[in-house]
Amino acid sequence: MIIRDGTAMLAHWFILDTLLLANQANRDGMHANALALTCQCVEAIGVVELGMCGHPDAEAALLKWEADELTAGKLRAWLQAHVWPRYGTGRWNEPWSTFM
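The opening position of the sequence shown corresponds to residue 11 in our numbering, with each subsequent residue numbered one higher.
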């Protein structure tokens with residue numbers, strides 16, 4: 011696992027805290043806020059995956075993320091090109107890129 015300056019670990023804690031906040035916002039009727047927070051969690055999942063995937067170029071991609079040179083969409087595209095094909099199929103026999 012790559013944990014450069016703790017970025018992947020911080021993304022993990024961000025997901026946990028933000029999902030709790032999104033849950034509370036949803037219960038309080040703030041559904042748009044809950045949805046926005048959930049979308050931020052999906053972006054953070056990519057950072058965590060980048061920190062754990064073990065790809066030889068993952069650290070370079072993580073450095074780009076830290077330097078704001080890699081957007082969330084470009085991060086997902088990088089994962090789709092370099093990591094997700096190694097995962098095989100998902101629960102319903104779809105490729106990982108289709109699932110994500």
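Treat the hints with care, since some could be wrong.
Claimed, not checked - Between beta-carbon pairs, the in silico distance windows are:
#, residue 1, residue 2, range
1, E53, Y97, 11 to 21 Å
2, N36, F109, 17 to 27 Å
3, H41, A70, 36 to 46 Å
4, S107, G64, 31 to 41 Å
5, A82, D27, 28 to 38 Å
6, G64, R37, 33 to 43 Å
7, G39, P66, 11 to 21 Å
8, T99, Q34, 11 to 21 Å
9, E69, R37, 38 to 48 Å
10, M62, P105, 28 to 38 Å
What the hints contain is simulated information worked out from the structure, not anything from laboratory work. The beta carbon of each residue, even a glycine, is placed where N, CA and C say it ideally should be.
Against the structure, the hints:
no., hint, verdict
1, E53 <-> Y97: 11 to 21 Å, "holds, 19 Å"
2, N36 <-> F109: 17 to 27 Å, "holds, 23 Å"
3, H41 <-> A70: 36 to 46 Å, "holds, 39 Å"
4, S107 <-> G64: 31 to 41 Å, "violated, 18 Å"
5, A82 <-> D27: 28 to 38 Å, "violated, 18 Å"
6, G64 <-> R37: 33 to 43 Å, "holds, 38 Å"
7, G39 <-> P66: 11 to 21 Å, "violated, 47 Å"
8, T99 <-> Q34: 11 to 21 Å, "violated, 35 Å"
9, E69 <-> R37: 38 to 48 Å, "holds, 39 Å"
10, M62 <-> P105: 28 to 38 Å, "violated, 20 Å"
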